[in-house]
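Throw the hints in and build the complete structure from the sequences for me.
For reference, the chains in residue letters:
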Amino acid sequence: MNGFDLSAILGRADYVSMLVHGIEMTFVIYSGSWLLAMTLAILLLALRMSPLRFGEPVVKAYVSYHRNVPTLVQLMLWYFGIFTLLPDGLTSWLAAHNAETIFAVIGLGLCQAAYFSEDLRSGLRSVSPGQMEAAKALGHSYLSAMRYIIMPQGVRNGLPPLINHSVSLFKNSSLAIVIGAPELTHAVKEIENLSFRTFEIYLIGTVLYLFFSLLIMSGGAYLSMRADPTRSARA
Amino acid sequence: MIGDIITIINDYWLLLLIGQYPNGPLGGLANTLILSALSIALAFPVSILFALARLSKWPLLRWPVTVLVYVTRGVPLLMLILWSYFLVPLLTGADVPSFVTMLTTLVIYQGAFLSEVVRAGIVALGEGQMDAARALGHSYLSAMRFIILPQALYNMIPSMISTFVATIKDTTLGYVINVPDLTFAASQVNNQLLTQPFQVFLILAVVYYAICWSLTYLANAVERRISRRRAGPANDPASPSLAQAKIVSEQL
Chain A
1 MNGFDLSAIL GRADYVSMLV HGIEMTFVIY SGSWLLAMTL AILLLALRMS PLRFGEPVVK
61 AYVSYHRNVP TLVQLMLWYF GIFTLLPDGL TSWLAAHNAE TIFAVIGLGL CQAAYFSEDL
121 RSGLRSVSPG QMEAAKALGH SYLSAMRYII MPQGVRNGLP PLINHSVSLF KNSSLAIVIG
181 APELTHAVKE IENLSFRTFE IYLIGTVLYL FFSLLIMSGG AYLSMRADPT RSARA
Chain B
1 MIGDIITIIN DYWLLLLIGQ YPNGPLGGLA NTLILSALSI ALAFPVSILF ALARLSKWPL
61 LRWPVTVLVY VTRGVPLLML ILWSYFLVPL LTGADVPSFV TMLTTLVIYQ GAFLSEVVRA
121 GIVALGEGQM DAARALGHSY LSAMRFIILP QALYNMIPSM ISTFVATIKD TTLGYVINVP
181 DLTFAASQVN NQLLTQPFQV FLILAVVYYA ICWSLTYLAN AVERRISRRR AGPANDPASP
241 SLAQAKIVSE QL
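Residue numbers (this note's numbering), protein chains in the order written: chain A, 1 to 235; chain B, 1 to 252.
These aren't lab readings, by the way, just hints derived from the structure by calculation.
The beta carbon of each residue, even a glycine, is placed where N, CA and C say it ideally should be.
Straight-line C-alpha distance at most 25 angstroms; calculated DMTMM-like pairs for lysine to aspartate or glutamate:
id: 1; chain 1: A; residue 1: Lys189; chain 2: B; residue 2: Asp95
id: 2; chain 1: A; residue 1: Lys60; chain 2: B; residue 2: Glu223
id: 3; chain 1: A; residue 1: Lys189; chain 2: A; residue 2: Asp5
id: 4; chain 1: B; residue 1: Lys57; chain 2: B; residue 2: Glu127
Incomplete in silico selection of chain A near chain B, CB under 8 angstroms:
id: 5; residue: Tyr65
id: 6; residue: Asn68
id: 7; residue: Pro70
id: 8; residue: Leu72
id: 9; residue: Met76
id: 10; residue: Gly81
id: 11; residue: Thr84
id: 12; residue: Lys171
id: 13; residue: Ile177
id: 14; residue: Thr185
This is the structure we're talking about:
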């Protein structure tokens, strides 16, 4: 290695475009799995709170599996295992449409849904039952009480863990390299192989991840501040 | 399907358990557990030092550790593993086995996370403990050693166990630098069989589930026990809650 030189990487258009593509794919995986996780988390929560008798044990088993099996193993099970069990037509369609990225989104999304649903649940549990009774006494229906009284408080209480887990999801998107999805870590490794400028490219990758993580954290801090009902009193 | 799984376990249980041990490096489940136990044992003192440094009044101690903790929390573990894989051999000048590389990474990573737990535990005790200890003639260090840390660390036991679970899950990432652990053994089995990937990775998932579930169960039992003890004989439900013992470790 001959001296520290960032321009050896940032000065070359091909490396820069690989990095940009990596960032794009990381965000595709991140936003795709985030949306999937949030949708599923809300469904899981609804199932758990519903009067259906099988709801609670099913959701508990789901959460338990996804929290106790390493995310990497879940991704491997999806990509190396379940992928091969699918019918041929679907397999070839997936193979033609970035199967790695799709399975990264599915695997990370399903895993994160377990964490998100627990965060939402603990947020909702912190709203006292008296709130629901009071809302009903004031003439709210169950759904409207949920929508206007319970949910706003529950989501606000569940916000800090939700933000933490959103940051973890962003960092976990790097695991997609194991199943070959072309995200940021993948781009970093590839540029390293091409340029042999290990120190420089790792530094760039680290700074990029750090920057986006801090961005998500401060976005979350802003949201928490906005959601804080005492904010106007303090301001 | 179930027949296949039983056959795989019958044929490869030894490889999954200890890797190629007598004829090669120790691997498999045994290595996963040794790696996790070693890294948590080493991360524990590191985390106390980090926490003390972050609470120190000297900026020279406080700032570098604060930056280190933030960087460790903001960057994927995978990126840190790549850094160690590159830096550890460079700095030591020796051909370091991937096991040691992974151990170094996990000690720093979990040390940074645990240090936040320790720090929260110390802060949650309140300043009165330190003031009282100083008034009784303890120096800062001796007050830490005999008054503050014993209380803070006792409350930390459940989060220590859940950090251990997180570490077990983190060791799977050693796969990218070929640490011979359980995941590595399973992918070896998969490469030999070629035709039954789903069965092999299902076994892998079930084994991890069994270990992590039992440890999480243990952590919850210990947490209940500690909060009962902290509640004291009066069993006042409103008094000392275990807010600081809540699980702060990173998921993976």
